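J.: These are the residues of each chain, in order.
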Amino acid sequence: MGYDIIEKVTELSLSGLRLDAKLARAARFILDALPYEQCVFYILDPDGKAFVKRAFAGVDKALICSYGATDGLPGLVKKKKGPVEAYKLDTASTVWEGVNDAGLKGYKSALAYPLRDKETFFGVVYLKSARKASLSKSKRRTLGIIALQASSFIKCADLAESHERIHRDLLKIEERLASSEKLMALGDMAATLAHEIRNPLLSIGGFAGRLKKHLGPGSPGIPYVEQVLKEVVRLEKLMNGVTGFIKDSAVSLKPDDLNGIMEEVLALFDDEFKAHNITIQRDFSEGAMGVAADREQLKIAFDNLIVNAIQSMEHGGALRISTSHEGGRAVVSIADSGGGIEPGNLGYIFNPFFTTKTHGTGLGLPITNSIILRHKGLIEVENNPGVGVTFRVTLPYLRQLRSAC
Amino acid sequence: MRKRILVVDDEEGLRLLYKEELEDEGWDVELAASGEESLEKLEGDAIDLVLLDIKMPGMDGVEVLRRVKERWKDLPVILCTAYPHYKHEFGTWASDAYVIKSSDLTELKQTIRDILGKRQ
Chain A
-16 MGYDIIEKVT
-6 ELSLSGLRLD
4 AKLARAARFI
14 LDALPYEQCV
24 FYILDPDGKA
34 FVKRAFAGVD
44 KALICSYGAT
54 DGLPGLVKKK
64 KGPVEAYKLD
74 TASTVWEGVN
84 DAGLKGYKSA
94 LAYPLRDKET
104 FFGVVYLKSA
114 RKASLSKSKR
124 RTLGIIALQA
134 SSFIKCADLA
144 ESHERIHRDL
154 LKIEERLASS
164 EKLMALGDMA
174 ATLAHEIRNP
184 LLSIGGFAGR
194 LKKHLGPGSP
204 GIPYVEQVLK
214 EVVRLEKLMN
224 GVTGFIKDSA
234 VSLKPDDLNG
244 IMEEVLALFD
254 DEFKAHNITI
264 QRDFSEGAMG
274 VAADREQLKI
284 AFDNLIVNAI
294 QSMEHGGALR
304 ISTSHEGGRA
314 VVSIADSGGG
324 IEPGNLGYIF
334 NPFFTTKTHG
344 TGLGLPITNS
354 IILRHKGLIE
364 VENNPGVGVT
374 FRVTLPYLRQ
384 LRSAC
Chain B
60 MRKRILVVDD
70 EEGLRLLYKE
80 ELEDEGWDVE
90 LAASGEESLE
100 KLEGDAIDLV
110 LLDIKMPGMD
120 GVEVLRRVKE
130 RWKDLPVILC
140 TAYPHYKHEF
150 GTWASDAYVI
160 KSSDLTELKQ
170 TIRDILGKRQ
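Protein chains in written order, with this note's numbering: chain A, -16 to 388; chain B, 60 to 179.
Chain B extracted, bound-state conformation (with noise of 0.2 Å):
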């Protein structure tokens, strides 16, 4: 069965790249633009992995990633930002990846496969 991915990012153009590029690779992907959004998607569909931005308006990606650990404590979270330094504070809990954003996707898709091939 195909991988379902969670996309959550405010950037239109970023939500459309990742998914082209990621259903490219095979998976299923849906987009939320908020982190409210996100909430919602994740109440309705089947998800098995999100890629989750941290800066957002509104709710953040760090408050989404909180509330997403609370409730389904195995669903495995990547974060996506241009900060590096957030490693310090976040690598080490909670998500189960931390990916700097760049327009070569190699790193993602590589992180995104390890995860989920980890989880078969």
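Bound conformation, chain A alone (with noise of 0.2 Å):
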């Protein structure tokens, strides 16, 4: 005992094993140097409740996995914050300073040091023997650096998950902020496109009806132009839903407050709820909701997703609006009950031009989720089929809303 067995826990610290294994190895090593016969590494879990038993060398008899966080001689280190000894006398169970510990039936001494660095209290090293054992303080002081050296492993282990976990997070993160950029420019390439069909359709539209006009009742060439004519007339109405989203117009933040936004959304579909019989549930959170926002362009936004919250409950149905503030961000919820969204078809409800409508461009969700972004802010979808879908929208909450204005 002594610096053998400093060097080889040393050396453990280096290698690339797991901390089970490192805690093994580690027991291992001190049951080897001192006369215990059994050695646990006890690891208080993440909620402070309880020791759970993680490595252990040499058979133990009692067979205790855990311990409450302030139970048996671990809750006492706890408690002491420092190594605590115990010698059974005879065979009761209740030992030194009242420790009632079953781990310790059928050993007549046990040791236990605290696993711990500056802040942290990790757990307790736990060593039985059936004899009388006793150590030197040299032998004690080894032990204390070793407890040391474990606990680094702990606080290690802790590190790597963590990092492997804000590694795997921002992975996620960025997988998402990947596809939700993709479908900006998508959704603006869409508009983009729609916008420049429109003047040349107004112009084929406008000119086919002089050409009506010029050939005079009569002519056979009559119906073709009123074909042209017609075909006209739907690709404008297609046309209509997209209108509004500009190219190129960065949005202009300016504060303002979202219920105001809302109810002048809510407004202008007044007409199209009573003709609908669609009932109207307004959960608006008190007072104004302080946002950043390019008015009319969240206007667009939230205006698709009432279009489609109609289309889904034409003959009837329930529309729950509600506002509300949380951790910092402003949350619109938009709730249907027009049956849901067919579950194959959710993943592709923000790409541009698909739609399930006979009439639809396609291109309302995907407007709708590109002036969100540019507003900071995130839409999301829960869908229940057969009941309903909710859209939620979270905007960046402002509080200085008065101040601002």
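Since the hints were made in silico from the structure, they are not lab data.
As the structure is a computational prediction, the values presented were derived from the model and not from experiment.
Keep in mind that the hints are not guaranteed to be accurate.
[What the hints assert, rightly or not] In silico DSSO-like pairs for lysine-lysine, Cα to Cα no more than 30 Å straight-line:
| no. | chain 1 | residue 1 | chain 2 | residue 2 |
| --- | --- | --- | --- | --- |
| 1 | A | Lys115 | A | Lys64 |
| 2 | B | Lys100 | A | Lys220 |
| 3 | B | Lys168 | A | Lys213 |
| 4 | B | Lys128 | A | Lys196 |
[What the hints assert, rightly or not] Across the chosen pairs, the derived CB separations fall in these ranges:
| no. | chain 1 | residue 1 | chain 2 | residue 2 | range |
| --- | --- | --- | --- | --- | --- |
| 5 | A | Thr175 | B | Glu79 | 24 to 32 Å |
| 6 | B | Glu102 | A | Ala250 | 26 to 34 Å |
| 7 | B | Arg125 | A | Pro379 | 31 to 39 Å |
| 8 | A | Arg159 | B | Lys177 | 50 to 58 Å |
| 9 | A | Glu179 | B | Leu134 | 27 to 35 Å |
We treat Cβ as the ideally placed atom computed from N, Cα and C, and that holds for glycine.
Given two chains presented individually in distinct reference frames, assemble the corresponding complex, making use of the accompanying hints.
T.: As structure tokens, this is what we get:
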């Protein structure tokens, strides 16, 4: 005992072994060097409620897998923030300082050292022997150093784990960002295309109308021209769904009240709600809901969501609009009772030109998505097939609405 | 006397369409392909009404509207655009009417008749 074991344990710390394997080997080294038959590493679980057996060496007669955070010798070590030693004089299970530890059954002496750094208590290393064991001062010192080493194993493992978790999260975020950026670019492209089509279409329709006038009644060309006019009207109607999204116009954000914006959007649909027998439930937060908004663009974004909701409830239904403030975010949720989205279609609803409607452009949601992203917001869908859809839009919340206005 | 309308639009096809359709209704039509050109025309000719596209390269319709209203306060201006939502922004001020572009020019012609009728 002495430098040998310290060297071995230090080598362990540099090895690529997993935490459990490192601790198990350290436990073996300890038993080889000290007069104990059992060595267990109990680690406090993340919520601090229990010690869990993480690694061990030697046979445990008492077979204790875990302790409550305040129970037994480990609990006492935690309370004292230092090593605790116990001897059992006879068969009584109550030992040193009133510690009641079922794990001591069948043993005569026990020693537990804390595993900790300056701030955190990780657990204990717990040694037991059926004989009476006592350690010299230098051996205790060595055991203390090994306990410190073991603490550093645990801390390293924790750090490695959180590093891995952060890396994983980051990859996920990156993936999401890439796909939303892709969708935004596609949405822009689609809107640009729609805009570019509008004027030529007007020209085609207008001149077809003039041609019709020139042909005069009874001309055999009339049905052809009429067909052209009919198609133009159809395309124009389709385009009306996309207008409003202005290419290249970066949003110009000003402090605004989200509740006010929603009220204004809803007011535009009063007649349609009545016509389709749709009941509206407003569940707005109290007072103003501050957001940085390009009012006209944000209205288009919500407009599209409400148009979709109405189209899913042509024969009546309920629309619930709520706004709330959740941890630094302003949240609008728009829930319809229109039967939900076919699960197989859910992954495509933000893709430009994807539509399930006979006369849809497939641009409503992509445009909404693009506008919300430009507001540094997020749009989420909660689909309940057979019931309805809830769109949840979150935007950064502006606390200082009044003073900023 | 025939009323004279100035049509401002950067699309050649649309200028021609408006010219023919409005002349059929009995109005004289002047054309301008840009905001800048429209202001030059307004300096020279006696115009009774301006039909103005909003989205144009260079000086856009909103800027033209501002300048027109500064100089010729009583000259009626009709804004034309593909974007219905502009209505909220501009409909309430400055312009006398707002028309959404459509191949069916009935609404536009009616709006022109209403405005010119009021001025008689």
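J.: Next step is simple, just say for each hint if it's right about the structure.
T.: Taking the hints in turn, this is what the structure says about them:
1. For a cut-off of 30 Å, the pair hint linking Lys115(A) to Lys64(A) stands: about 24 Å separates their Cα positions.
2. Under the criterion of a C-alpha separation no larger than 30 Å, the hint pairing Lys100(B) with Lys220(A) is inconsistent with the structure, at around 35 Å.
3. A C-alpha spacing of about 21 Å is found between Lys168(B) and Lys213(A), which places the hinted pair at or below 30 Å, so the restraint holds.
4. Note on Lys128(B) and Lys196(A): the hinted pairing is violated, with a Cα-Cα distance of about 37 Å set against a maximum of 30 Å.
5. Between Thr175(A) and Glu79(B) the beta carbon distance is about 29 Å. The supplied range of 24 to 32 Å therefore holds.
6. Separation of Glu102(B) from Ala250(A) is about 43 Å and departs from the stated range, judged on CB atoms against 26 to 34 Å.
7. Between Arg125(B) and Pro379(A) the CB atoms are about 33 Å apart, so this pair conforms to the stated range of 31 to 39 Å.
8. Between Arg159(A) and Lys177(B) the C-beta distance comes to about 56 Å, which sits within the given range of 50 to 58 Å.
9. Checked against the hint of 27 to 35 Å, the pair Glu179(A) and Leu134(B) passes, with Cβ atoms roughly 31 Å apart.
The earlier numbered hints that this structure contradicts are 2, 4, 6.
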